[in-house]
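Chains C and W, in that order, are what the protein sequence lines are.
Under the working numbering, the first sequence has 210 at position 210, and the numbering climbs by one with no breaks.
Under the working numbering, the second sequence has 717 at position 497, and the numbering climbs by one with no breaks.
Hints listed in this document are in silico derivations from the structure and should not be mistaken for laboratory results.
Quick caveat, the model's predicted, so the values are computed rather than measured.
All C-beta atoms in this analysis are idealised placements derived from N, C-alpha and C, irrespective of residue type, glycine included.
Treat the hints with care, since some could be wrong.
Residues from chain C that face chain W, not an exhaustive set, calculated with beta carbons under 7 Å [to be verified]:
{"#": "1", "residue": "66"}
{"#": "2", "residue": "69"}
{"#": "3", "residue": "70"}
{"#": "4", "residue": "73"}
{"#": "5", "residue": "106"}
{"#": "6", "residue": "107"}
{"#": "7", "residue": "153"}
{"#": "8", "residue": "155"}
{"#": "9", "residue": "164"}
{"#": "10", "residue": "165"}
{"#": "11", "residue": "168"}
{"#": "12", "residue": "172"}
{"#": "13", "residue": "173"}
{"#": "14", "residue": "175"}
{"#": "15", "residue": "178"}
Far from chain C, some chain W residues (derived; all Cβ distances over 12 Å) [claimed, not checked]:
{"#": "16", "residue": "248"}
{"#": "17", "residue": "418"}
{"#": "18", "residue": "435"}
{"#": "19", "residue": "616"}
{"#": "20", "residue": "731"}
{"#": "21", "residue": "741"}
So, partial list: chain W residues that the calculated Cβ filter (under 10 Å) puts toward chain C [to be verified]:
{"#": "22", "residue": "259"}
{"#": "23", "residue": "275"}
{"#": "24", "residue": "395"}
{"#": "25", "residue": "443"}
{"#": "26", "residue": "674"}
{"#": "27", "residue": "675"}
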Amino acid sequence: MTAADVGRPAGQAPASRRAAGPKLAGLRLARLHAASRHVLTCLVVLAACAVALRIALHWLPRSGVYARQIPLTIEAGAAAVIGVTTGSPFGEPERATGRWLPWLRLAASVVLTGIAVGTLAAGAAAAHLAGGAAGLARDVAGFTGIALLTAAVLGGGLAWIGPMAYLAVTLPALTENWTTPWIWPARPPHDRGAAICAALVFAGGVAVITVRGARDRARE
Amino acid sequence: MTAATAPAAAPRAWRVPWPAGPARLLRIELRRSPMPWMLPLLAVLFWLSAYRMAMNNPPFWNIRSATLQANAMLVFAPLLAGACAWAGSRDGRRGLTDLVGVTAAPRWAAQLATWAAATIWAEALYLAGVAVLYGVTAHQGAWGGPLWWPVAVGVAMIAASCAFGFAAGLLLASRFTAPLAALLVFLALAGGAFAIQDNVRYARIWPLSVQGPFPTNSYGIFYPYLPDLAIAQVMFLAGLTAAALGATGLPAAAGGRWLRAAAAAVTVAGLAAAGTAVGLAGTARVEAHGIVIPALHDAASDRPVPYTPVCSRSAVPVCLQPAYRSYLPAVTAALGPVLGPLAGLPGAPARVTQVAVTSVQSAQSNGIGFGGPVISGRPPVLYLPLSGLSLPGEGNVSVAQFTSGLRQQYGPSIVNELVGLPPDEAVGADVASTDAVPDARHAAQIAVARALDQIMDLTEVGGGSPARSGAGGAAGSGAPLLARQEAAASHRFSALPAAGRHAWLATHLAALRAGRITLSEIP
């Protein structure tokens with residue numbers, strides 16, 4: 001409350017602020033939610049990932065294991081960072097009082113995934129990316145789904161473990177040409193089964209993180 | 221009691237004897253470390269990336285140890301860096317930095333205990349994996365003994381990735397540090413592997429390179445495993461570990477002036493060691509038995525490993541190094557159809573002896589070419605290198621594929637050498653391919669060689685060479701006259717009965733080899 005508000009009954013906002021109404025409050029809520037999750041840092045890291053992808057694609061061969069492995073690593077890193085942003089610094093109080101929290105979590109995870117796909121696709125725009133933009137979208141979505149699921153199980157701070165471990169599983173799959181659609185990065189971009197698996201994992205991750213949020217760790 | 225009368229020393233019960241201090245601190249950190257929670261995941265990844273891959277290959281110590289260095293590290297190092305970054309940033313994340321900064325023990329010592337605890341857990345898991353893998357390999361009857369240098373590189377790599385992650389977490393305590401540390405290590409490993417593939421000279425220092433371009437089954441059998449590159453890699457990784465850990469002792473909160481000076485000295489020494497190792501890797505050269513770094517090379521490694529060969533009881537005995545004992549029937553079956561029809565001819569091999577690679581040639585994309593089989597001595601012996609070939613059980617290679625591949629790859633070379641065509645320069649490369657159109661001097665030799673290839677069903681490789689396949693097509697109306705004559709002679713010779721062919725070769729092989737036989741003289 002400022003000095004100008006002295007004398008005014010509690011809960012009575014100025015007319016201008018009342019006019020802005022719930023829209024402004026919603027935006028402020030979204031901004032505070034994003035700030036508490038370090039979304040700005042996440043965006044900076046995503047931009048750095050796009051730059052790294054662009055630099056890597058300049059040097060990488062157009063086909064072969066390395067043409068897939070290094071872009072996949074960057075995509076997994078982007079997904080890991082999105083997973084890390086789900087961690088809440090407030091824990092139980094926020095969970096108990098935040099009525100809009102599930103919607104904010106849903107919006108944050110979906111928007112950040114979209115931004116990750118967009119920035120990485122922009123980074124790869126002027127170069128040849130094995131698998132193309134469709135493969136990139138599939139892989140980033142799948143990796144992000146794993147990160148969100150890991151966040152729900154282990155906590156936001158440890159959400160990176162899921163995509164990184166999955167990436168480690170993917171590397172032998174790339175060299176051995178595994179055919180299971182659950183290792184979607186090893187499948188061609190037009191593989192329908194792989195796309196369905198990645199979409200299912202992403203949808204599952206978003207649903208779990210929307211409903212439950214990242215696991216709170218009492219000491220963090 | 222007033223402050224003035226308070227005893228100077230702490231109550232006896234609170235005092236811990238100094239020698240017990242670090243051990244107690246380490247014991248506490250071993251309990252607090254997040255690494256035990258990572259162990260199940262790391263164990264699964266070890267099984268998936270190293271153990272399963274190793275078991276998909278035949279029981280050779282060199283193949284099995286290579287997976288422990290390259291495959292295991294590719295999945296271990298990034299996750300360990302992330303986990304150690306998580307452990308390193310613990311105090312910062314929990315807002316305890318000021319609280320723990322005023323404890324009696326220097327912060328650097330406590331931080332090193334945290335790193336040591338995480339590293340001990342990781343090393344314990346890795347060494348347990350090594351014990352299982354080597355135990356199974358020994359149980360499968362692998363010849364020789366386990367190779368420990370790749371394991372040493374793995375141990376050093378684990379310490380280095382933990383140190384890097386820990387230093388990153390300590391100096392930049394943020395929720396993003398752990399994933400970024402893991403990502404950076406992943407990218408560094410992948411980038412290093414790409415640089416190795418691109419034949420960048422200094423990239424050999426990267427711990428994913430076991431013996432440079434050598435296939436994993438091509439070293440450490442006939443000659444001892446050359447540890448030169450591994451020594452440089454351990455030196456590099458130890459230097460990086462020291463530099464990273466030294467860097468954690470540089471901030472003012474880490475301890476007193478002397479302690480920080482010591483940390484700075486450790487950092488500088490670590491960087492110097494790592495730089496020296498990179499420089500040494502730049503001097504590495506590819507030799508027949510592995511990577512040699514002159515400054516680190518021990519001449520004792522150049523002495524061959526003694527062994528008693530195992531031999532078949534076939535018409536032309538095949539003798540292999542005992543590590544290849546289980547492949548003796550397959551090699552005998554592969555070479556039998558080639559050597560059988562040639563037996564008894566002057567210059568034809570009376571025995572086959574497996575030998576080490578005698579010459580290597582670096583190729584693009586971290587490739588390597590090995591010298592092929594050679595016939596020499598009196599009585600003639602076929603000296604046969606098997607290194608670099610895909611053995612049965614290696615990946616999806618079956619015994620039938622190996623037998624066929626060996627015959628197709630070496631059969632034409634044996635025939636070439638027998639009829640006096642210039643010796644091959646590389647395995648599987650048919651020397652006749654250097655003459656796209658047969659000249660008069662070699663025409664008879666090529667005709668006979670092609671006929672023998674056809675009879676022995678060696679046409680897959682031999683047929684790929686312009687000279688041998690070209691004449692078949694060259695027999696058409698537009699082909700040069702010499703090529704048509706050569707094709708006709710080859711056809712005539714292959715149509716002869718086996719006994720007649722053998723008799724003619726027994727009589728005329730010396731003249732054919734000397735280039736004194738013309739196409740018209742071939743029956």
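Verification of the hints:
Evaluation of the residue 66 of chain C hint against chain W yields a held restraint, the C-beta minimum of about 5 Å falling below 7 Å. Given hint, residue 69 of chain C at the interface with chain W, holds; its Cβ is 5 Å from that chain's nearest Cβ, closer than 7 Å. Checking residue 70 of chain C against chain W: minimum C-beta separation of about 5 Å stays under 7 Å; hint holds. A cut of 7 Å between beta carbons decides the hint on residue 73 of chain C: the least distance to chain W is about 5 Å, and the hint holds.
Hint status for residue 106 of chain C: violated, given a least beta-carbon distance of 21 Å to chain W, over 7 Å. The interface hint given for residue 107 of chain C is violated, since its Cβ lies 20 Å from the closest Cβ of chain W, which is over the 7 Å cut-off. The closest approach between the C-beta of residue 153 of chain C and any C-beta of chain W is roughly 12 Å, which is over the 7 Å cut-off, so the hint fails. Restraint check, residue 155 of chain C versus chain W: the minimum CB separation of about 10 Å is more than 7 Å; hint violated.
Checking residue 164 of chain C against chain W by beta carbon gives a least distance of about 5 Å; that is within 7 Å, so the hint holds. For residue 165 of chain C, the interface hint holds, since its Cβ comes within 7 Å of a Cβ in chain W; the closest pair sits about 6 Å apart. The beta carbon of residue 168 of chain C is positioned within 7 Å of a beta carbon in chain W (closest approach about 4 Å), and the interface hint is therefore held. Using the Cβ-Cβ criterion of 7 Å, the hint placing residue 172 of chain C at the interface with chain W is satisfied: the shortest such distance is roughly 5 Å.
For residue 173 of chain C, the suggested interface contact is broken, since its CB lies about 9 Å from the closest CB of chain W, more than 7 Å. Given the 7 Å rule on beta carbons, the hint for residue 175 of chain C is violated: about 9 Å separates it from the nearest Cβ of chain W. Violation of the interface hint for residue 178 of chain C is found here, the shortest Cβ-Cβ separation to chain W being roughly 11 Å, above the 7 Å cut-off. Distance check for residue 248 of chain W against chain C: the nearest CB is about 16 Å away, which clears 12 Å, and the non-interface claim stands.
With a cut of 12 Å on Cβ distances, residue 418 of chain W falls inside the contact zone with chain C, its closest approach being about 8 Å. No beta-carbon of chain C comes within 12 Å of the beta-carbon of residue 435 of chain W; the shortest separation is about 15 Å. The beta carbon of residue 616 of chain W is not kept farther than 12 Å from every beta carbon of chain C, the shortest such distance being approximately 10 Å. Every beta carbon of chain C lies more than 12 Å from that of residue 731 of chain W, the smallest distance being close to 50 Å; the non-interface claim holds.
Under the 12 Å C-beta cut-off, the non-interface status given to residue 741 of chain W relative to chain C holds; the minimum distance is some 51 Å. Because the smallest distance between the Cβ of residue 259 of chain W and any Cβ of chain C comes to about 13 Å, over 10 Å, the interface hint for this residue is violated. The restraint placing residue 275 of chain W at the interface with chain C is violated, with a minimum CB-CB distance near 13 Å, outside the 10 Å limit. Given hint, residue 395 of chain W at the interface with chain C, holds; its Cβ is 5 Å from that chain's nearest Cβ, closer than 10 Å.
The interface hint given for residue 443 of chain W is broken, as the beta carbon of that residue sits about 29 Å from the closest beta carbon of chain C, more than 10 Å. Proximity of residue 674 of chain W to chain C is violated relative to the hint, the smallest CB-CB distance being about 35 Å (cut-off 10 Å). Interface restraint check for residue 675 of chain W: the shortest CB-CB distance to chain C comes to about 37 Å, outside 10 Å, so the restraint is violated.
Going through the hint list in order, the structure does not satisfy hints 5, 6, 7, 8, 13, 14, 15, 17, 19, 22, 23, 25, 26, 27.
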